[in-house]
Amino acid sequence: MTGISIAAIGAGLAVIGAGIGIGRIGGSAMEAIARQPEAYGKIQTAMLIAAALVEGVALFAVVVSLLVAK
Amino acid sequence: MLDYRKYLVLVFIYLVASFNSFPSENEISDKEEFDPAEEIMHHIADAYEWHFFDVTDEEGNVHPISMPLPVILYANGSFDIFMSGEFDHGKATVTRGENTYILYHNKIYMANEDGGIDYDEEHHPMNTRPLDISITKNVFAMLLSAIIILLIFISVARAYRKRPGAPKGLQSFMEPIILFIRDDVVIPTIGEKKYHKYINYLLTVFFFIWINNVLGLLPGGANLTGNIAVTMTLAVFTLLITNFSGKKTYWGHIFATPGLPIWLSPIMIPIEMVGILAKPFALMIRLFANITAGHIIVLSLISLIFIFKTIYIAPVSIVFVLFMDILELFVAVLQAYIFTLLSSLFIGLAVQEHH
Numbered sequence: 001m002t003g004i005s006i007a008a009i010g011a012g013l014a015v016i017g018a019g020i021g022i023g024r025i026g027g028s029a030m031e032a033i034a035r036q037p038e039a040y041g042k043i044q045t046a047m048l049i050a051a052a053l054v055e056g057v058a059l060f061a062v063v064v065s066l067l068v069a070k
Numbered sequence: 001m002l003d004y005r006k007y008l009v010l011v012f013i014y015l016v017a018s019f020n021s022f023p024s025e026n027e028i029s030d031k032e033e034f035d036p037a038e039e040i041m042h043h044i045a046d047a048y049e050w051h052f053f054d055v056t057d058e059e060g061n062v063h064p065i066s067m068p069l070p071v072i073l074y075a076n077g078s079f080d081i082f083m084s085g086e087f088d089h090g091k092a093t094v095t096r097g098e099n100t101y102i103l104y105h106n107k108i109y110m111a112n113e114d115g116g117i118d119y120d121e122e123h124h125p126m127n128t129r130p131l132d133i134s135i136t137k138n139v140f141a142m143l144l145s146a147i148i149i150l151l152i153f154i155s156v157a158r159a160y161r162k163r164p165g166a167p168k169g170l171q172s173f174m175e176p177i178i179l180f181i182r183d184d185v186v187i188p189t190i191g192e193k194k195y196h197k198y199i200n201y202l203l204t205v206f207f208f209i210w211i212n213n214v215l216g217l218l219p220g221g222a223n224l225t226g227n228i229a230v231t232m233t234l235a236v237f238t239l240l241i242t243n244f245s246g247k248k249t250y251w252g253h254i255f256a257t258p259g260l261p262i263w264l265s266p267i268m269i270p271i272e273m274v275g276i277l278a279k280p281f282a283l284m285i286r287l288f289a290n291i292t293a294g295h296i297i298v299l300s301l302i303s304l305i306f307i308f309k310t311i312y313i314a315p316v317s318i319v320f321v322l323f324m325d326i327l328e329l330f331v332a333v334l335q336a337y338i339f340t341l342l343s344s345l346f347i348g349l350a351v352q353e354h355h
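Protein chains in written order, with the working numbering: chain A, 1 to 70; chain B, 1 to 355.
Rather than coming from a laboratory, the hints here were simulated on the basis of the structure.
FRET-style restraints, in silico, Cβ to Cβ:
id	chain 1	residue 1	chain 2	residue 2	range
1	A	Tyr40	B	Ile313	37 to 43 angstroms
2	A	Pro37	B	Leu345	25 to 31 angstroms
3	A	Ala69	B	Val333	26 to 32 angstroms
4	B	Phe237	A	Gly12	33 to 39 angstroms
5	B	Arg5	A	Pro37	52 to 58 angstroms
6	B	Phe330	A	Gly12	21 to 27 angstroms
7	A	Tyr40	B	His63	54 to 60 angstroms
Just a sample of chain A residues kept apart from chain B, beta carbon distances all over 12 angstroms, derived:
id	residue
8	Thr2
9	Ser5
10	Ile20
11	Gly21
12	Ala39
13	Tyr40
To give an idea of the interface, some chain A residues facing chain B are shown, with a C-beta separation under 10 angstroms as derived from the structure:
id	residue
14	Ala51
15	Leu53
16	Phe60
Glycine included, every Cβ here is placed at the ideal spot set by N, Cα and C.
Generate the whole structure from the sequences, applying the supplied hints.
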């Protein structure tokens, strides 16, 4: 397999990781809001921060794939 | 009542202008196959001119409409300054004194004796490059956004001085945002007593990143925060501020974490030292990748229309692009907020007192 196809597969795997991670964060946030609806603002803020951090890690992988595919 | 006459003028102008797009008698010169990767790279990368759009005349020739920018080079002991229009979109070389420069694939090289480029086996240029401190599209965009930021905030600050009391106008838009950053980001992480020294930098970095992200989304905008050199500079600022404000507690935590058995230190100390660099590195990559990836997605979805070469894909493509653009606006402010939050977190960790 050429380097480019392996880079594409790597990017796809990274997206799986990001999807699972952010999905879990969103899921726990939903449960927490269901338990205590008045804490909605704080939970949403914390969820967005955690999601952005997880997405940052996934984008590391995207950058590496781009470098390999260049 | 609608004034129909002004719309008639618009329709008339459109009809007249559209005569130019009727196919001519001669064979239409076909441009090469639309290459999405190259078009996208062209929109994302830096350039020596600010390209707005292309105009195709009746013969099928493509004229790019772009604004040339100054090129500032240093080679063989002399500074050479000229406008990038002299490169004529890469078709001409520029000679100043004994230096001949050639523009190839958006990079400037010193031309060899024949005024050309030497290639190696993989068709990469082998010529040397001069020291390049030109005003490129990204530099120009940065200066423009700096002027915009200065205009906004100097007028807001002056309004506070002239008009004590309730804020009005632009102030009332800026004040909740500035107070949010101060009360919910900076004070909780750095502390009531010390935040004064760092609040200026953190507010600047927040608005700089946000405004540049948004300006990059406009058509014809420059991809400034998606340029890794720019995000690296911002991350280096955070790195310098964090480490120069470090108190003894901070360095103590790195070299002798409290509660750590001595025999683990040879492992932990290199890990912690890499950690000093890894955190700003993550800041840099996160901002760069988020913004660049967003731009690539929007451009790819628009390129769908050109790849399929049919107008019926346009509604689908435009709906997707609209959705992605709204998401990108959200990402613009979120990434600015995350960068500011993490920077203030690192600074707070560095200056916290022993507890």
